[in-house]
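Can you build the whole structure from these sequences, using the hints too?
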Amino acid sequence: MDGTPKKAAEATKAPKASRQVMTAYRLEDGHVIYLAADGSWSEWIEEARIATTKEEADALTAAAKVATDANQIFETYLIDVTTEGRTWPVTMREVMRAQGPTIHPHFGKQAERGERVSAVANAAAGKRTERGERRENREG
Amino acid sequence: MPLIRDGNLALDQWVHRGDDEPLADGPTIVSLDRWKRDRATLLTRNAPLGLRLKSDQAPAQVATDLGLFGVVALEFPTFKDGRPFSYAKLLRDRYGYKGEVRAFGHILRDQYLFLDRLGVNSIEVKDEKQLKEFKTALAEFSVFYQPGVDARRPAMALRRQVASALKPSRPDFDDLTRVEDVPPPADAPPAPSSARIAVSDAKVRAFSHKYGHLSAPKLIAAMIDVEFKGSIALVSSFGTEAAVLLHMVSEIDRNLPVLFLDTQKLFGETLRYRDQLVGQLRLTNVQTIRPDPERVKDLDPNGMLFSRRANLCCQIRKVEPLAKALHGYDAWITGRKRYQGRRRAVLPVIEAAEGRVKINPLAGWSKDLLDEYFAEHGLPHHPLESEGFLSIGCMPCTDRVAPGEDMRAGRWRGQDKDECGIHETPAAQSLTSSGL
Amino acid sequence: MYRYDEFDQVVVKERVEQFRGQVARRLSGELTTDEFRPLRLMNGLYAQLHAYMLRVAIPYGTLSTRQMHMLAHIARKYDRDYGHFTTRQNIQYNWPRLVDVPDILADLASVEMHAIQTSGNCIRNVTSDQYAGVSADEIIDSRIYSEILRQWSTFHPEFSFLPRKFKIAVTAAADDRAAVRFHDIGVIVHKNDAGEIGFEIMAGGGMGRTPAVAPTLNKFVPERDLLAYCEAILRVYNMLGRRDNLFKARIKILVMSTGVEAFTKMVEDEFALIKDSALKLPEEEIARIRAYFAPPGYEDLPVQSKALDAHLLKDKAFADWHSVNAAAHKQPGYVIATASLKPTSGVPGDCSSDQMDAIADLAEKFSLGEVRVTHEQNLVFPYVRKDDLYPLWQQFVRLGIATPNLDLISDIISCPGLDYCGLATARSIPVAQQLSERFSDLKRQKDIGELRLNISGCINACGHHHAGNIGILGVDKQNQEFYQVTLGGHDGADASIGDITGPSFPADKIVDAVETVVDVYMAQRQGKERFIDTYRRVGMKPFKEKLYAAH
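Heads up: the sequence lines are chains R, W and C, in that order.
According to our numbering, numbering within the first sequence proceeds without interruption in unit steps and concludes at 140.
According to our numbering, numbering within the second sequence proceeds without interruption in unit steps and concludes at 436.
According to our numbering, numbering within the third sequence proceeds without interruption in unit steps and concludes at 551.
Some clues are possibly wrong.
[Stated by the list, open to error] Restricting the straight-line Cα-Cα distance to at most 20 Å, the calculated cross-link-like pairs of lysine to any residue (SDA-like) are:
no.	chain 1	residue 1	chain 2	residue 2
1	C	477	R	90
2	C	13	W	140
3	C	280	W	149
4	W	80	C	245
5	C	280	W	159
6	C	248	C	497
7	W	417	W	309
8	W	229	C	245
9	W	80	C	497
10	W	80	C	544
11	W	135	C	248
Because the hints were derived from the structure by calculation, they are not lab data.
What follows is the structure in structure tokens.
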């Protein structure tokens, strides 16, 4: 991000007692992505791995560094999220990134989220088989 | 740390010394602070002294001392700190500093060209691989809008030059290139477009009528920019007189395809001369055409064909490759002149040849005129010219020319041959007959 | 308009290949994120909030139909079928893929366009008067000098790593439509008593965190010395501008801290040393560029158009539009028409690829093949025959670009804000949309009269809020969008910076607050007084009282 605001930097400093996920941009197309529970990078924050302790946050940072060094992603940082209902960012700015521009509802993640998110929500509920199927679909 | 100096890796004899480090015996670079502090002592040393300037130390404060330093080293604490660019410019332009101007610190490869333009002639680099990067970076741009400290001429100056070359300010040129005034036939078609045209004698006459009276640069411009835009090439030998035509072309369209036949029997000097001219004239589209390796393997396995059948040698090394290279072009430009004698004595400016239009802009030029052009535009001479080679082809078949001899007398000396064939054998036919 | 010669063409072509190489080096890992950033920025490629964003320069706002078609093509092929015209005569694409950008640049180069220096700490796209060449109040076509400056600033070896970005604007008209006093260098073309061209040169204007109206350094720099004078300013700035603090790095801070007099002296001293160098503009070069901007082949037309007059009488909607969006032309029988990219509830500056294509076709048919982009984010048709204005307007209506609001309250300048921008602290376009709805009634807008309303989504002020008669600045307060209001900004010849009214307003109160300001103005104004004149006469007090009455 060109000129990441201070907010994001602050977020990385205060992992205690909060829930955080790792976000970045994909090098090839610049799209917003999140480090997923399975170690892949997902466009959907709902799939992000959540860190609740300093150690877990450090693990996310380490994984981000690996992907950065492999020239897959860039500008990684931790953001605060809530997990009430679903995993969702706390700050306006991150909501915008997770969702897409409010003035163009037909662009950005919001345009594709619809069905996608309900599938994710189900998967997040712990149904392993569904999750497996979903991943297969994605790879196919 | 490796050093690129004047475009090549160089042994760095200079050492940097901190403000409180003991001085080295040899050439030493010290900071501005140390210079100010220890000036008297430093002046008594018996070794060359260099000056290091931080990015917030403008050279103005040592302007009168600059002559005492063998090198001025400009520090880039980060590539974003662009102050040393101004310092380099001032060192060269304002203070007339002639010694080495060096850049060191955090410098991006993509800044090398800017440094070069501003008179920085050495850069401390992280590894020797940077030399390749340096050369690539310097070749990335060939046109510049700003006057720099370097020799590259800005676009504004080049434009002025083009404009004056195209101005009809030298009517004598026009006279010298004029061909017989052949009136066009009644059914003369309109000037052909760049679309593929069937060339008839009538068309060539019409062409001659329309353009034959133009001076060489104007004729070339009309051909390149109007009649055959995108479908015309210059064929150049990079021989003794080639620079004239190449120079004219470079002022009209440096990206015009220039076809150069490398027969693989050329003088090394010719190849070097080619590179020199390409660099100086900044030609951007010189295509080196080589013989088909299969044909060479087949017909000239030990490379001695020239001694047995010179015509066949020319055929596979020049005629066929050129015929192939000209495929898709409607016209080509050659550098032949009438004064070169023999069959060239009656050369027209515009002629038809194997379905293409062939333009000989210099047909009417004399040797004197060529010499004058060389001098006026500061063009380098072919290195072999001073050794008596007035017309240069392949090494085995080119000899020196004695004073008073016809200039092409050295070509295929002792043989009943004075042309290689690209200017007479129907190129298209030979392409077919040779089965290519 | 200007056409590239072989030298210009080579520059953009080589730039495309250089950038292709840079992208390849990045993808292969040869360049790190940090090393690549300045390289891509110098080519207008940002990493924005949702994706990459590519900013393409439209030098001094002039576009040929061929170029406009290409912009449409790029939106269609590589992006999402639209582009966004910015507040500095650029266009932005919001969704390009990194791997496609070299091809986009190659496509641009094929129509003599580029993205060179549309970002980065270098000299940015040179902007100018959108009415250059056609307005009656100009001395000469200011694009001649804009183009000369464009070339000089392109890949300047000495000034590509400045302390901060650097913006230059040029005008040659009495009415400054290019906001030159809000630029790092502002150039106003003058003619002296001897009939010679010269330039009033200002430096140190800008918006951002510390807004400033540029002071004049020299009232008449001779025509041939334009580049030498600018180079002198840039050299002083490059060597002395602050590099330790991002917020204090613009030239305006240097001018302020040095003092105008001392700064001017440094520039003049430097200028004296270089004015006779190779920077001196040769008369042939000026003439060469001038020739490109010679008046087009105008027809000999009567001043009055019967067809136009008839339609004005017959069609009320057309007459309304004409009274607002048509401007006087210096050539008899012609008129300047502005297509509005500010439809009610629309996104200021957005244009779909179909619209762009259609606009290009219209320009081909009705405006001698040329369109201008304005810093107010509208499109100008500079060469319309009066006889053609009605059919042109009908096409504008069909395309949704006939909103009759030029310079009225709903002709809002707005940055992209938090919807797209990585720097923004609040959204700006949704506020613009709500305001355009609130004031959509044309009769009311015309009654209010000329009123510039500008919105920025952060302190960087890309929405020019400091220069708006009413300015709105979005701020983030504990993760809530709030909006600060300024009054009295103005970007004409009598430029001024707006004053802050007081505490900011929450998102759901900002539209009401603006309406309150307008109501106070309507109550206070005398006769046909413009908002800015009323504000200058009555001051902040009555506005403030009403705005914060409930608090």
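Results of checking the hints against the structure:
Of the supplied pair hints, the one linking residue 477(C) and residue 90(R) holds, its CA atoms being roughly 14 Å apart against a limit of 20 Å. The hinted pair formed by residue 13(C) and residue 140(W) meets the criterion: a straight-line CA distance of about 10 Å does not exceed 20 Å. Distance check on the hinted pair: residue 280(C) and residue 149(W) sit about 16 Å apart at the alpha-carbon level, within 20 Å; holds. For the hint pairing residue 80(W) with residue 245(C), the CA-to-CA distance comes to about 13 Å; that is within 20 Å, so the pair holds.
Of the supplied pair hints, the one linking residue 280(C) and residue 159(W) holds, its CA atoms being roughly 15 Å apart against a limit of 20 Å. At roughly 19 Å between alpha-carbon atoms, residue 248(C) and residue 497(C) fall within 20 Å of each other, so this suggested pair holds. Only pairs whose Cα atoms come within 20 Å are accepted, and residue 417(W) paired with residue 309(W) is accepted, the gap being roughly 11 Å. Proposed proximity of residue 229(W) and residue 245(C) is contradicted: the alpha carbons are some 53 Å apart, above 20 Å.
For the given pair, residue 80(W) sits about 31 Å from residue 497(C) by alpha-carbon distance, which is inconsistent with the 20 Å threshold. Simply put, residue 80(W) and residue 544(C) have alpha-carbon atoms about 44 Å apart, too far for the 20 Å limit, and the pair is violated. Taking the CA atoms of residue 135(W) and residue 248(C), the gap is about 37 Å. The hint is violated against a cut of 20 Å.
In this structure, the hints that do not hold are numbers 8, 9, 10, 11, in rising order.
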